[in-house]
Amino acid sequence: MKCFRNAVTGALSALALLVAAVVAGPAAADTTLRYWTFLDPTSSSPRSEAQRQMIKAFEGANPGVKVSIEVVHWSKIVPMLITAVGAGNAPDIALIHSSRMTMAIDAGAVIPLDKYAATLSDKDKADFLLPFDQFLEKGHLYSLPIEHRVESVLMYREDILAKAGFKEPPKTWEQLVEVGKKITTPDRWAFVWPLSRKDSAANVKILQTLYWSKGGRFFDDNGRAAVNSKVGIEIAEKLKALALEHKVMPATAIGVEEGRTMMKSGAAAMYVDGTQVFTSIAAGAGIGRNLASAPLPSLDETSKAPLAIVAGQTLAVSSNSKHPDAAWKFIAHMTSSEAQALSGKVGGNLPIRASAYDDPWFKTEEARELVAWRDYIKAGARANETHELSDYMNDSLALAYEQILAGRVQVKAALDQAAERFNRRVDQQKRRDAASGKAGSASN
Amino acid sequence: MLPALVLLLLVSVYPILYALERSLYYTDYLELGPFAGFANYTEFFEFEGGWTSLVNSLVYCGGSLALALPFGMVLALVLNRPLPMRTAIRTILILPWIVSQTIVALLWGWILNPDFGPVPHAIDGLTGIRLAIYGDPDWAMSGVIIANVWHSYALALVMMLAALQAIPQELFEAARVDGAGRWHTFWRITLPMVSPTLLVTTIVLTLHYFNMVTLIWVITGGGPISATETLSVRVFNEAFVQQNLGLASAIGVIVAGLNVVFSLAYIRLLRQDHTA
Chain C
1 MKCFRNAVTG ALSALALLVA AVVAGPAAAD TTLRYWTFLD PTSSSPRSEA
51 QRQMIKAFEG ANPGVKVSIE VVHWSKIVPM LITAVGAGNA PDIALIHSSR
101 MTMAIDAGAV IPLDKYAATL SDKDKADFLL PFDQFLEKGH LYSLPIEHRV
151 ESVLMYREDI LAKAGFKEPP KTWEQLVEVG KKITTPDRWA FVWPLSRKDS
201 AANVKILQTL YWSKGGRFFD DNGRAAVNSK VGIEIAEKLK ALALEHKVMP
251 ATAIGVEEGR TMMKSGAAAM YVDGTQVFTS IAAGAGIGRN LASAPLPSLD
301 ETSKAPLAIV AGQTLAVSSN SKHPDAAWKF IAHMTSSEAQ ALSGKVGGNL
351 PIRASAYDDP WFKTEEAREL VAWRDYIKAG ARANETHELS DYMNDSLALA
401 YEQILAGRVQ VKAALDQAAE RFNRRVDQQK RRDAASGKAG SASN
Chain G
1 MLPALVLLLL VSVYPILYAL ERSLYYTDYL ELGPFAGFAN YTEFFEFEGG
51 WTSLVNSLVY CGGSLALALP FGMVLALVLN RPLPMRTAIR TILILPWIVS
101 QTIVALLWGW ILNPDFGPVP HAIDGLTGIR LAIYGDPDWA MSGVIIANVW
151 HSYALALVMM LAALQAIPQE LFEAARVDGA GRWHTFWRIT LPMVSPTLLV
201 TTIVLTLHYF NMVTLIWVIT GGGPISATET LSVRVFNEAF VQQNLGLASA
251 IGVIVAGLNV VFSLAYIRLL RQDHTA
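Chains C and G supply the protein sequences, listed in that same order. Mapping of the first sequence onto this note's numbering: position 233 corresponds to residue 233, and the numbering continues sequentially without gaps. Mapping of the second sequence onto this note's numbering: position 205 corresponds to residue 205, and the numbering continues sequentially without gaps.
Treat the hints with care, as some may be off.
As the list claims (entries may be wrong) - Only pairs whose alpha carbons sit at most 20 Å apart, straight line, appear in this in silico EDC-like list of lysine to aspartate or glutamate:
no.	chain 1	residue 1	chain 2	residue 2
1	C	Lys430	G	Glu43
2	C	Lys378	C	Asp359
3	C	Lys230	C	Glu420
4	C	Lys171	C	Asp30
5	C	Lys76	C	Glu257
6	C	Lys247	G	Glu31
7	C	Lys167	C	Asp359
8	C	Lys240	G	Asp124
9	C	Lys304	C	Glu174
10	C	Lys125	C	Asp358
11	C	Lys247	G	Glu43
12	C	Lys56	C	Asp30
13	C	Lys430	G	Glu31
14	C	Lys240	C	Glu178
15	C	Lys329	C	Asp106
Said to hold, decoys possible - If you want the footprint, here are the derived chain G segments under chain C, 3+ residues with CB under 8 Å:
no.	stretch
16	18-29
17	134-142
18	210-223
19	240-251
Since the hints were derived computationally from the structure, they do not count as laboratory data. For each residue, glycine too, the CB sits at the ideal point set by N, CA and C.
Build out the structure end to end from the sequences listed, making use of the hints.
Structure follows, in structure tokens:
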């Protein structure tokens, strides 16, 4: 009988504990943050490895929080986030390229982080490589960069240039042509700039720095296209000449991924892209230390040196996040000096914290390019001009360049067509906004 | 009966009505904006290169059918004969169909890449001509059609093979006794007997080709200069890249309408064939 009573008491106690656990809900230790990133955690790429180590460190420092990674292609993160927010199943955090934040904000897919930003000390804010104000969108903080990148560098093969008698990369367009003619062979293009619509026309926006160098812009003050300006025509004529007259650049449509592969395989000697892919290209067979980078060449002696376009992946909290506080903790960790130093050392990313460069590794030869890019940013940098229809502008301009480089249409006609296509969409947007009482489109 | 009807309404009818409604409005990401009437349709054809996309769709679909059907038929005729290792050969020939469109696209994009692809490299070595099939607006459509045919001919092959095996052997024996040659036998017996299957295969492949996005998107992204931008690729681009759901829905409705028209035309042919 006593045995039976003990058994019943034990069973009731266990049941009570179970009920208490259920009623209390998941403990803090059960918080799982869903994180959308394009970096596959199973990949052996340096950037994936850096992400893996940074997240591991975060989970170690926050035993109650786990990060569940969901891989989404970089070009699809914002469109899919907007759709997922509409469906109510968006992740807590998303890795969003800075140029696409305007679209995510406009669609209401991300939340402002002002209340969290208010907890940052002045010293903390001053430690960012760029002024903290540059992270604000219409006066609000929606995301923090996890890496900087100079989106506008000329990567080049030092060995190929040296073999042709050039100790330095071209600094002007004239020199680019001169070098190009000497190093182009039947198996290798001297210069590649992916300007096609493939891969979301991602590298078309780099053209902005050439526009700025001659006082031009992509968008005017009213948010309409200004790509068909005199400056725009001059730039397009120079690129067209590289392809069709000097034959040092492919006239066919090249996508971003294809351009990178060409550089990795030795099918290109000079290439325009962002610093974020430098390490991965240097990993190509026989490249290694032969790869170097420099600012883009100036258009001519009357133009300024092209500024570094600083952009990068940023971390934002989605409107559906169930754990915004934990999500901010994650962002704070990933943007901390320690995590950033790790990101630079392991992933080859450009740290966003000035103090991260105090790590002894940044004094080594291995960090030569990262430090050079940091100095390039310090010398003068700005973010891309963005617009809520930025992607449409890139697409329209890429379509124009496909026609121009193939020699199908006159430069001015192609650029006029691109501007018209974009402005028509802007007008449509304005009509829609006016009818629904929404504020007009934004550009910065 | 009722649950099946509800399921049908939810899965088939509701999305069509949803797209139809969206196509009549300007949209703000996922939200409906002001009523646009047929503006999304008219603007698509007037300003947004709608006619080019329509022609591209027809060329892509027609070109692929023109190659995949005869190719599948010829291989089916060959495989219907006694051959050594017939099962192994059949398996190998059907393999492309089970490979995902993304893999097929990456494979062909690599094979025909002008800078590191083996085919252009070999052609360059032999002729000195540097072929850039997917980067040249005059050749890109042919290139994606070739990749598509390689991927999809196996469906035609399987369907035709099944139809050929269902033809009673007595018919061929009777034809042989009557002195009919191979060509006559094919034209008078084989083709009429497999024509219902041929039509069904044509319907299936037409719908498949007309709705295809992945293969084209991964190889060319619709370019260069919109040379491979079909209606379905436009739907994807407008909906998921440009976030213009109103225009995307209008194009989607056009694609659905064309699919219905093609299917009805084929079904009519099929019925005529049966009643003849």
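Outcome of the hint check:
| no. | hint | in the structure |
| --- | --- | --- |
| 1 | C:Lys430 with G:Glu43 | 16 Å, holds |
| 2 | C:Lys378 with C:Asp359 | 19 Å, holds |
| 3 | C:Lys230 with C:Glu420 | 16 Å, holds |
| 4 | C:Lys171 with C:Asp30 | 55 Å, violated |
| 5 | C:Lys76 with C:Glu257 | 15 Å, holds |
| 6 | C:Lys247 with G:Glu31 | 48 Å, violated |
| 7 | C:Lys167 with C:Asp359 | 31 Å, violated |
| 8 | C:Lys240 with G:Asp124 | 24 Å, violated |
| 9 | C:Lys304 with C:Glu174 | 15 Å, holds |
| 10 | C:Lys125 with C:Asp358 | 17 Å, holds |
| 11 | C:Lys247 with G:Glu43 | 38 Å, violated |
| 12 | C:Lys56 with C:Asp30 | 16 Å, holds |
| 13 | C:Lys430 with G:Glu31 | 15 Å, holds |
| 14 | C:Lys240 with C:Glu178 | 16 Å, holds |
| 15 | C:Lys329 with C:Asp106 | 25 Å, violated |
| 16 | 18-29 | holds (count 4) |
| 17 | 134-142 | holds (count 4) |
| 18 | 210-223 | holds (count 4) |
| 19 | 240-251 | holds (count 5) |
The structure shown violates the earlier hints numbered 4, 6, 7, 8, 11 and 15.
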